[in-house]
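The lines below spell out each chain.
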Amino acid sequence: EPEVTQTPSHQVTQMGQEVILRCVPISNHLYFYWYRQILGQKVEFLVSFYNNEISEKSEIFDDQFSVERPDGSNFTLKIRSTKLEDSAMYFCASSRPSIGNTIYFGEGSWLTVV
Amino acid sequence: AQSVTQPDIHITVSEGASLELRCNYSYGATPYLFWYVQSPGQGLQLLLKYFSGDTLVQGIKGFEAEFKRSQSSFNLRKPSVHWSDAAEYFCAVGASGAGSYQLTFGKGTKLSVIP
Chain A
1 EPEVTQTPSH QVTQMGQEVI LRCVPISNHL YFYWYRQILG QKVEFLVSFY NNEISEKSEI
61 FDDQFSVERP DGSNFTLKIR STKLEDSAMY FCASSRPSIG NTIYFGEGSW LTVV
Chain B
1 AQSVTQPDIH ITVSEGASLE LRCNYSYGAT PYLFWYVQSP GQGLQLLLKY FSGDTLVQGI
61 KGFEAEFKRS QSSFNLRKPS VHWSDAAEYF CAVGASGAGS YQLTFGKGTK LSVIP
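As you go down the protein sequences, you meet chains A and B in turn. Quick note on the numbering used here: the first sequence kicks off at 1 and runs consecutively. Quick note on the numbering used here: the second sequence kicks off at 1 and runs consecutively.
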C-alpha cells in the first residue's frame with residue numbers, strides 16, 4: 001500500500017534556528033497537508049496545499065511557517081526561527097482532490113526545540 | 001466552526017471484551033467523520049470514515065462506527081478487543097473547503113487492554 005513518508009523522524013534544534021521538515025506524499029495525490037500535535041494535545045491543522053499554492057491555513061500557520069513543493073515529489077514545511085512552543089510532532093498528509101477520499105498521514109516528524 | 005469531543009481520555013478493557021469509544025461532533029452542515037488510530041511511535045492510520053449513505057460503517061481490524069445525526073455522535077465499536085488494539089484513537093470531523101479537507105480532531109482516547 002502506498003504511504004506518505006517523512007524525514008527526519010526526530011530532530012532536535014536550538015531556539016531561533018531554521019528547520020525544514022520533508023515529506024514525500026503519495027504519488028497520485030494532489031492535496032498536501034501539514035498537521036501538528038503538541039505533546040498531550042489534539043492534532044491540529046496547519047495548512048493545505050494544492051496546485052503549488054496554499055489553499056487553506058489555520059491561525060497557527062503564521063509568518064514563521066512556509067511550505068513548498070520544490071520538485072515533483074517532495075513537500076516541505078519550513079519553520080524560520082523556531083520557538084520552544086514549536087516542539088511537537090508534525091504530520092504530513094496527502095489526498096486526492098475528491099469528496100470522499102481519505103487523507104493519508106505519514107508517521108510524523110518529532111521536533112524538539114531546546 | 002466544527003469541533004469534536006471525545007469524553008473518555010483513557011479506557012481500559014479486558015482482552016475479548018467489547019469496546020465502545022464515544023465521539024460527539026459539532027458541525028453546521030453534513031459532516032464527514034473519521035476515526036484514526038495511533039500506535040506508539042506511529043502515524044495516524046484511518047480505521048473508517050463516513051461521508052454519506054449507510055449510517056453504520058465498517059472499517060479495518062474489525063471496527064465499526066455508527067453515525068447518529070440526532071445525537072451528533074459517531075461512536076466506534078468493536079465486539080471483541082485484542083491486545084494489539086491498545087493505542088490512541090482519534091475521532092475527526094472534516095470540513096471540505098476549496099477542495100481540500102481540514103480535519104478537526106478530538107483529544108483522543110487512549111485504550112489499554114488487559115490480557
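Bear in mind the hints are in silico, worked out from the structure with no lab data behind them. These numbers were taken from a predicted model, which means no experiment stands behind them. Please note that a few of the clues may not be correct.
What the hints assert, rightly or not - DSSO-like, lysine-lysine: derived pairs with alpha carbons at most 30 Å apart:
#1 K110/B with K68/B
#2 K57/A with K83/A
#3 K83/A with K110/B
#4 K78/A with K61/B
#5 K61/B with K42/A
#6 K57/A with K61/B
#7 K107/B with K61/B
#8 K57/A with K78/A
#9 K110/B with K57/A
#10 K78/A with K42/A
#11 K49/B with K68/B
#12 K57/A with K49/B
#13 K49/B with K107/B
#14 K83/A with K61/B
#15 K42/A with K68/B
#16 K61/B with K49/B
#17 K83/A with K49/B
#18 K49/B with K110/B
#19 K83/A with K68/B
#20 K42/A with K57/A
#21 K42/A with K83/A
#22 K110/B with K42/A
#23 K107/B with K68/B
#24 K110/B with K61/B
Tested hints:
1. K110/B with K68/B: holds (23 Å)
2. K57/A with K83/A: holds (20 Å)
3. K83/A with K110/B: holds (29 Å)
4. K78/A with K61/B: Since the Cα atoms of K78/A and K61/B sit roughly 36 Å apart, the hinted pair is violated (cutoff 30 Å).
5. K61/B with K42/A: Answer holds: K61/B to K42/A is near 24 Å, not above 30 Å.
6. K57/A with K61/B: Distance of about 33 Å is beyond 30 Å: violated.
7. K107/B with K61/B: holds (22 Å)
8. K57/A with K78/A: holds (14 Å)
9. K110/B with K57/A: Satisfied, since the Cα-Cα distance of roughly 29 Å is no more than 30 Å.
10. K78/A with K42/A: holds (21 Å)
11. K49/B with K68/B: holds (14 Å)
12. K57/A with K49/B: holds (23 Å)
13. K49/B with K107/B: Holds, at about 18 Å.
14. K83/A with K61/B: violated (39 Å)
15. K42/A with K68/B: Satisfied, since the Cα-Cα distance of roughly 23 Å is no more than 30 Å.
16. K61/B with K49/B: Satisfied, since the Cα-Cα distance of roughly 14 Å is no more than 30 Å.
17. K83/A with K49/B: violated (35 Å)
18. K49/B with K110/B: Holds, because 20 Å separates the two Cα atoms, which is no more than 30 Å.
19. K83/A with K68/B: violated (42 Å)
20. K42/A with K57/A: Answer holds: K42/A to K57/A is near 17 Å, not above 30 Å.
21. K42/A with K83/A: holds (19 Å)
22. K110/B with K42/A: holds (13 Å)
23. K107/B with K68/B: Given pair K107/B, K68/B holds - Cα atoms ~20 Å apart, limit 30 Å.
24. K110/B with K61/B: Holds: K110/B and K61/B sit about 17 Å apart, inside 30 Å.
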